[in-house]
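Trainee: Below, each chain spelled out in residue letters.
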Amino acid sequence: MSLSSPTAEAPSSASATDGSPAAAPAPGPPAGLTPMRLAWRRFRRDKAGVAAGSVVLLFFVAGLGAPLFAKLYGKDPYTTYGQNEPGLLNDYGYPIAPNGGISGEYWLGIEPGLGRDVLTQLLYGIRTSLLISLAVVAIVTVLGVVVGVTAGYLGGRTDYLAGRVIDVMLSFPSTLFFIAFTPVVTSLLTSPGEEMSPLLRGSILVMVLSAFGWAGVARLLRGQVLSLRSREFVEAARASGSPPHRIIFHELLPNLWTPILVTASLAVPAYVTTEAALSYLGVGMVEPTPDWGRMLLKGAEVYQTDITYMFVPGISMLIFVVAFNLLGDSIRDALDPKTDR
Amino acid sequence: MTLRPGQRLAVMGAVLAIGATACSSGGGSTDNAAKPGGSAAPPAAKTAAVRIGDASDSTGPAAAIPEAKTGGTALVLERADFNHLDPARVYVSHEQTVLLLLSRQLTTFKQVDGQTVLVGDLAKDTGSSPDGGKTWKFTLKDNLKYEDGSAIKAADIKYGVERSFAKEITGGPTWIQEWLTGKGADFRTVYDGPYNGKSYDAIEAPDEKTVVFKLAEPRADFPFAVAMHTSSPVPREKDTKLDFDKKPFSSGPYKISSRDIDKGMVLSRNEHWNPATDAVRHAYPDQWKFEFGAQNQQINERIIAANGEDKNAMTFRTAVGRESAQKVLETPDLKARTADAFTPFAEYFDINNRRVTDLKTRQAIVAAFPKQQVRQILGGPAYGELSTTLISPTVLGYEKYDSVGVPPTGDPEKAKQILAGATPTIVFAFPQTPVWEQIGVAVNEALTKAGFKVVAKPINDKSYYTEIGRTANEYDLYWSGWGADWPSGIAVLPAKLDGRKIQDDGTNYALYDNKAVSAEMDKIALVSDVVEAGKQWAALDKKIMTEDSPVVPFVYRRQLTLYGPGLGGVKVGFIGSTYPTDVWVK
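Taken in order, these protein sequences are the chains called A and B. Count along the first sequence from 1, add 24, and you get the number used in the numbering used here. Count along the second sequence from 1, add 1246, and you get the number used in the numbering used here.
A few of these clues could be false.
To be verified - Listed next, the in silico BS3-like pairs over lysine-lysine satisfying Cα-Cα at most 27 angstroms (straight line): (1) K1509(B) to K1484(B); (2) K1646(B) to K95(A); (3) K1460(B) to K1493(B); (4) K1535(B) to K1646(B); (5) K1699(B) to K95(A); (6) K1509(B) to K1383(B).
What the hints assert, rightly or not - Counterexamples of contact, computed for chain A against chain B with all Cβ distances above 12 angstroms: (7) D70; (8) L96; (9) Y102; (10) L158; (11) V310.
Think of the hints as simulated: they come from the structure by calculation, not from any bench. Note that the structure is a prediction, hence the values are computed from the model and not measured. The C-beta atom is built at its ideal place from N, Cα and C for all residues, glycine as well.
Starting from the given sequences, assemble the full structure and let the hints guide the process.
Mentor: Shown next, in the form of structure tokens:
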């Protein structure tokens, strides 16, 4: 999994945005359909996209509905079943039943050592990952759009300043920074006698990830705005005396939705893996908050004896990331028919 | 010697081992877990396993091992190079182990049928004291030689101990220095080493064969203390001061023939070592080769694979970790290639006695503590045997008792009764590693069930000992390990629980201070009969736990190590590492 700031790799084709304002005629559209409806129609025809979208939707439902499911299923991700009930774990702390302890009762087996239920851990883990990455993507996108559009539209000294700040942010060794910085923040915010709440820890993660993530989005949008700025429709708006905010919101932004949506949809899986990587390295979420990165870490440790435990989070994450990336691609194809295959 | 929390940084392989085998096969039958034994059953811990030998035990040569043969090259794989090789500076188990090949002491330990026997090494016996332990006299054996063929003289032992007083010579144990001067850790105020030309008159070498130590107070344990490497002989003209640490002048059966620091080392036979003078060392292989730099898991995987040279490989301290313990112990082929024994290390969960001042609360913690669950996370019985006492079965006089009488899983109901409705808050501190975070979960669950409010507090792994070693630390419960320098209560209880030794970075992590107990320790330290002293240490151990419950005894550590199929005679020795002294190449 790569730790590099995910938004740095913007979709190159996004620059091929349909340049004309909303009213411009797209190549042969049926009359009476808005571009969004058109995009939706194109998306529906893309089978891979629909499949990926359904998988992603399933992950969202599973993650957000995890507590409800856990209730129906009768297990929770915190109870150490294996330690409380004899017959589940052997002397070494490994599941006794084959395939990681998969049984009618524990559908995906039990965790070696503590003996917690793997399925609920996985579902609650999706929730942790998704909530964190969605929060990061929201913050990063808003910040990136604001800085990028401002820099690109105003140009001159503002653009120069913003550009240098973005350069610094992009060249910063962010992974090392996370590892070194997170424990410092943690100890600053909690006294030795108290425990840090998962919410606070999650917020720190979100903040640290956002602090670096916005730069990529900003750079991409700045480039977009620079090319749009000199287009006729913007010139015309300016000549007719539109105020800057009107130009930004009514002329520029509608043409920026495509790159924004595409980067955001590709950033979500990237941040899921980044968050998992941070937890894997010991600076992300800590016990007892369920987390995919830590599950993978444990999996790498026990794989010699209990490889199932490594497969479960590994395959889940693979499916999730592939599905989300395919969805991102499909969204781009749908919004930007020029790249249609 | 303290023990670092076993941190094993698992190297992340492919996230998805798609090409790997199918799913895992599970951990076996249910009865494996039901009965505590199973295939993971540890070797039985022997009580009264320590004896002081006499002159006949001390006479060489060491009894020949049937089938063993001389010759060949044995390979030792270690994670890191030896930090020290100067006998006055070693204190870590694998360094002490390699020095068994390179140096000899006044006394040493011999394993006879599972019993640890203290015998004379350079000395003819374990020493004698005419005045109840204040003066100790050792007579050297005949025909003792260094690597260059010169004779080992009593004056060299005197000089060897003297140089351990020098301020440059740091890192080694300080028992002998403290007992000679009677000044505790300030022994350098009395004598500060031979490098400015002074000699120390509390150590006498009246002739070539006799060395006499005049202690400040009677110490029955002195023969044990001189089994540590401080008593190794060093000829004055061969003392290279700090460079001695890189290439010591050997009095043992091997000498260093080449050394490439951090990469490797080769020991070749010291032709002048006379097996007839040595009751312990066999020295079967012609050569010992050391390789440094592989990670623990790599070392174990190399020994399991046993390709080429690795067929004759062993390791002094790399234990089989929890990630492969099951595989190793349940594969007969591999299990046959393991050395497995208890070590002098015992582990505890210390209660901060300065913060948790209420006895009932401490007793409730002891009653509720989930020892078995915690050990299961650390690897189960392969990790060690659950304990209820302060001193371990490897110690002279050890007696089993249980101050609370709860099952090893902890008894929340009993703890609740002891607490009688109170709900104290306990801050549980642990190193921030994946394994310890899981232990945090288990401890949290068990103590919460018993009515405690638990705050789980991860501490940076690197500064863990510094943090819990601060006398003003803000934690209530934390893990620590302790290994006895020799099998006697004096090497455990005073170090761990003497209130006068409370200091920052000290070893009394529980900050336990009971004047009566400290006085009792002083009294037992002066008992001239070590066997009687052993009984009294055991009684004091029980008294401390019953009356004050200052710590939660956790496990007596077990050492399980692998060795290659080309070696024989590999055993876990008294120090808790795998010993080279009986090893032979097949």
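Trainee: Would you mind marking each hint as holding or not holding in the structure?
Mentor: Hint by hint, here is what the structure shows:
1. Taking the CA atoms of K1509(B) and K1484(B), the gap is about 26 angstroms. The hint holds against a cut of 27 angstroms.
2. For the proposed pair K1646(B) and K95(A), the alpha carbon gap of about 46 angstroms is over 27 angstroms, so the pair is violated.
3. Proposed proximity of K1460(B) and K1493(B) is contradicted: the alpha carbons are some 31 angstroms apart, above 27 angstroms.
4. With a CA separation close to 42 angstroms, the supplied pair K1535(B) and K1646(B) exceeds the 27 angstroms bound.
5. Annotation: proposed proximity of K1699(B) to K95(A) holds, straight-line Cα distance about 26 angstroms (limit 27 angstroms).
6. A C-alpha spacing of about 42 angstroms is found between K1509(B) and K1383(B), which places the hinted pair above 27 angstroms, so the restraint is violated.
7. Even its closest Cβ contact with chain B, about 27 angstroms, leaves D70(A) beyond 12 angstroms, as expected for a residue assigned away from the interface.
8. Listed as a non-interface residue, L96(A) keeps its Cβ farther than 12 angstroms from every Cβ of chain B; the least gap is roughly 24 angstroms.
9. Once the 12 angstroms rule is applied to beta carbons, Y102(A) is inconsistent with being away from chain B; the minimum gap is 8 angstroms.
10. With a least CB separation of 22 angstroms from chain B, L158(A) remains clear of the 12 angstroms interface cut-off, as annotated.
11. V310(A), annotated as away from the interface, has a beta carbon of chain B within 12 angstroms; the closest lies near 6 angstroms.
Violation of the numbered hints given earlier is confined to hints 2, 3, 4, 6, 9, 11; the remaining hints are satisfied by the structure.
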